[in-house]
Structures are given as structure tokens and as C-alpha cells.
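**Student:** Read off the chains here:
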Amino acid sequence: MNLFSIVMDSCKESMQLSSKSLKIFVPYIVSTAITAAIIIVFILISVIAAVGGIVYRLPENIDSSNIFAALGTLIIGGVVIAAVVLPVIYSIVEAGLLGMLKSLLQNGQTRWSDFFRSVREKWLGMLGGSIVAALISVIVTVIAAVILVLAHIITLGWGMLLGTSILYVFLGAWSTIYIIEETGPVNAITRGFYLGKRYFWALLILGMANTLLAMYLSQLASSVPIVGLLFASIAAAVVGTYFKLVLMRFYLAVRESSVKTEI
Amino acid sequence: MTKVLMIFDYLKDTFEINRRNRTLYKPQIVLAVLKSAAVLLLGIFVYFFYNGMLNNHSSFDSPNIMVIVVIMVLIALLLAIFWLVSVLFQAGLYFMYYRAVAQGSTQTKDFWQGVRRFFLKFLAIDLLTFAAWIPFLFLYLIVGFLTLGVGFAIIPILLTVFLGLWKISIVSDNCGVFDALKNGFRFGAKFFIPYTLFVIISLAFTNPVHTNGTMNFANGLSNISENKDRETDWNEFSPEKYLPEYEYGPDSKADLFKHVSSFDSDFFDSDDILNPDKELPYHYSEQFEDPFKFNLEKENRLVDTLKSHLDMVGIVLLIGTMVLSVGVLLNTLIKMVFSVFFQLAAFVIYMNKFEKPVCEQACEVE
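Those sequence lines, one after another, are chains A and B.
So that you can map any letter, position 165 of the first sequence is 164 in numbering that gives the first Met the number 0, and since no number is skipped, the others follow by simple counting.
So that you can map any letter, position 297 of the second sequence is 296 in numbering that gives the first Met the number 0, and since no number is skipped, the others follow by simple counting.
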């Protein structure tokens, strides 16, 4: 059986399982909503503070030090949210969701207790691994920035997609491996790298399919007036969850076919 | 749900057929090269035309209408030829797909057989579709606005579901144009949900969102030349920089500058400028109480500098066209991989009509 068949079988089984357990789509949708709420509240507070400052402060008291103080607060607040709050939320949701998916694949069903148990056991490691993976992504992106931009221009738009898909190949599977195997996050990242190296094309197809479908469905959903953004976020969350399940199923399939990745 | 899951089985079959029949890519590669060459030729033609206009100053003031009409006719002819070539390639390619699915393999001769048998029918379909678009466009716009924009997104998908199998039916059922339309429509209606899912997946790959602005790049390149003209700092051409011999007062400098940029070029082109007895143009004498000392040689230097900037614009245009033609080639080749795969998959799905039994074991969770 070739790798494409394994990928298609993983997609088929994932579709069947996910249609029976719709609760697996809830974590990503809720996390998207929470993230959006945090960002909106932050922006609202900033705007109210700025407007309030302008309204109640006499014009002659507005000087460069006040403006810099306001800007600094805004930037620090934004950095705290982006670097601390959002990664914590992401790690909790990711750990819980992958625990549910593991239970679904192994037992044919999943419960909310699977979510909370996985969060208790794995969220800290997930947070650490996410930070390491993010750092690696940033370093690679900075080093390859010129190549990415040139490739994007020369291929009229495909360069960035290929770049992000290649990052997915080598860094996309570590969280799945971390949940399934009894190993640490750094070890999971290393094993994920070797998995990507071995099954490059299969994971590239999954990465591209994930990105292209999420973008296309988000664009379709966003055409709905007023609530388009909400529907687009839900569409992206659903596609993201589905492909997490596909990736986990694919990993289990290649593991069961006695192909092991070793450090 | 069973029929939806069958899509993945059909995609597996498609992959196998695709892997065994690499000749399916040959026509698309040739078409991609032709497309790229057409873009390059068009760019070179525009560059030479632009250069020709640049060397002939009068063209800017009184452009030859006939030249513009000839150019537009040539571009329209080029597009028409390219459309006919695309239809020709499509007819041959579709028959190759049919052979690959029906017999498991295909050869280059199948391409020419497909062209002979189906070129005119495909041409008729394209003309009918184009003719139908004229009245349908208004309906499309009305529905789109009434549904507050949702229709603009949904209608193209529905059209693909119900009309996308038209040409496939002509080839696989070997029937007439209108019978094929009925067959395709019935298939789309009967297997609406699974086929719509397939259409969405195929559109996500073959008409990806991130490259919808592909031609914005081309527009951006053409905008580079326009922006360079708009952003040119005209102060760079101020007379005091190039014509220090001018004698003028503080206020007249602005007037002089205005005068240089708006002066009637016919005056420069004529011999009257060298005739000291010739009465100066009306607006010229009105702006100045004392005519300034005019140096024709220095004025030509100003024009030459302006011309060198415009030459640079032409070169940027040419290089941009070369880059664009390479981009068109690469973009088409990447899209070709997906379009061949999903067009072949559409043949597999249509010819099997979701009747292929699904292996129950494969659907169970291990």
C-alpha cells in the first residue's frame, strides 16, 4: 500500500469518526472565540483609555512623554497577550483536544473527561514544546525569508504556501507524537522532524490540504454578511481539527506498519 | 455518508491511474509553455511600441488612433487564438483521461483522436456558455446582492456542480452537446452532497485563495511604470538645476517652472523658435513682462534627462514582463499537477457513479 493510500484511508476514517463525535470540534472553536474575545477586549480598553485620556486631559498636558507612555503600555500589553496568554490557551486546548482524538481513535469514542485528563497531564509539556517549535519556526523563517519572498513572487503566490507546508512537514507532527508516545516535548520534536523527513510528500500533501481547505472554506464562510468572520473562524477551526485527526490516524498507521523513527 | 467516503477511494484510484500515465501531463506542459511564451511576446511587443512612442515626441501629444486600434485588434486576435488552442488541448486531454480511466492507460495518439472527435463540440459548449453568461450575469448580480454577497460565493460552486460534468459526459457517454448537459445536470442533482464536497476540495486546490491575486502581480508590474511617472520628483527638472544662465527674479521662478511644464510643444518643434522676429505664443507673452533669456540647447538637455527616465521605465516594463512570463509558467505548472489530478478524479467519479462498493473493513476503526 502506498503512502497516498494511507493518507486517503486516514482521511476516510477520520471523516467517519468525526461525524460521530462532533464534540471534538468544540475545543478549537472555543479557543478561537476566547482568543478573539481577548484581542477585542484589549483593543476596546486601549481605545477607551486613549479616548478618555484625550477627552479628560487638557490639551496642554498632552506631550511626547504621555504619548510614549500610552504607546509603551499598548505594546507591552500586546506582547504579554501574544507571548504569554495566547500560548497558554493554545497549549491547554491542544493538549486536551489531542487527548480526545487519541481516545477517539483507540476506543471509537471520546468524552470530556479525556480532554481534562490530557490537559492535567500534558499541558505544561505542550507549552514548552510549543515555545521551542515556535522559536525554530521563527529562526527558519528569518533565515529563509529572502528565498520565501522570491519564491512567492516567481511562482505568483505559491511560495508562501509551500514554505508553510514544509514547516508543517517537519514541525507539525510533534504535538501528536508527544500525546501518543510517552516522551518529552523536545524528543517529540526530534521524532517529528525525522517523521517529516521520512514521509515528506505525504505530510506535504496533508499540510497543503489543511491550509488550502481552511483558506477556501474561510473565504466562503466570510461571504455571509455581519457574521462572516465568525463563520470563517468556525470553518478554519473545523478544518484544523479534522486534519489533526487525520495526522494522528496517519501517524498510528505508519507506526503500526513497523516503520519506526529513531533518534 | 457512504457515498461521501467513496470520494477518498476514488482519489486513491485516481492517484494510481495518474502514476501509471505520466503522458497525461505532456499536453498541459506544452500549453503552459505556450501561455508563458504568449505573455513574453506580448510584453516585448508592448515594450517596442512604448519605445517607439517615446522616440516620437509628437505621439504623446497627438496619438495615432489607428495605431491604438491595430494594437487592440492584435491583442484580441492573440487572445482568440489562445482560447482556440486551449479548447483544442482540452478536447485531446479529456479523451486521454477517458482512455486512462476506461482502459487503464493512454497514449499520445489518444490526444489527436480526442481533438478530431470532440474539438467542435467543446467549442460549441464554450460558445454556448459565453452566450449564456450575458443574460445570466445580471441574474448572478441580482441574486448576489439580494443575498448580501453570499450568492457571489455559492453560485460558482453550484455552477461547477451542475455544469462541470458537461464536457466529461460528452467524452465518456459519446453523446451530443445537449444530452451531455442533461446527463451532467442529473448527476449533480442525484449525487449533490458528495459531489459538492468533491468540487469544494478540487476548487480549493485548483483555484486557491492565495493565488487569486495572481494577476494582481501583473497589474502591480504595470503599475510600477505608472507609479514611477506619478512619483517622479519634478523639482529634479527645475530650470535652476540645469539652466543656471537664466536670469529671473524670485517670483518668476515658479512661473517659469509652470511655463516649462505646460508649454505648447509645437512651439519647440517648429522653426519659429529660432526666429527672433516671430511673435511669441499668446500665453507666453502674457506671463512675463520681460522675456527671459532662452537657451534652446539647455532646454533639449532637460528633455533628454526626462527621456532617460522614461527609457528606464521601459526597461523595467520589459524585465517585469520576463519575470511575469516565468511566474506564469511556474504557476501554471504547479496548478497543472492539481488540475490534471482532479479532472481525472472527476472522470473516475462520473464513470463509477458512486456505485463502486466500499470495503467495509477499511471503514472500521482499528
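By construction, these hints were calculated from the structure, which means they are not laboratory data.
Keep in mind that the hints are not guaranteed to be accurate.
Stated by the list, open to error - With the Cβ distance kept under 10 angstroms, some of the chain B side facing chain A (calculated, not the full set):
hint: 1; residue: ASP8
hint: 2; residue: ALA75
hint: 3; residue: PHE151
We put the CB at the ideal spot given by N, CA and C, even for glycine.
**Student:** For every hint, state whether the structure bears it out.
**Tutor:** Quick rundown of the hints versus the structure:
At a threshold of 10 angstroms, the smallest CB-CB gap from ASP8/B to chain A is about 7 angstroms, leaving the interface hint in force. A least Cβ separation of about 24 angstroms between ALA75/B and chain A goes past the 10 angstroms threshold, and the interface hint is therefore violated. Look at PHE151/B: its Cβ gets to within about 6 angstroms of chain A, closer than 10 angstroms, so that hint holds up.
Checked against the numbered hints given earlier, this structure breaks only hint 2.
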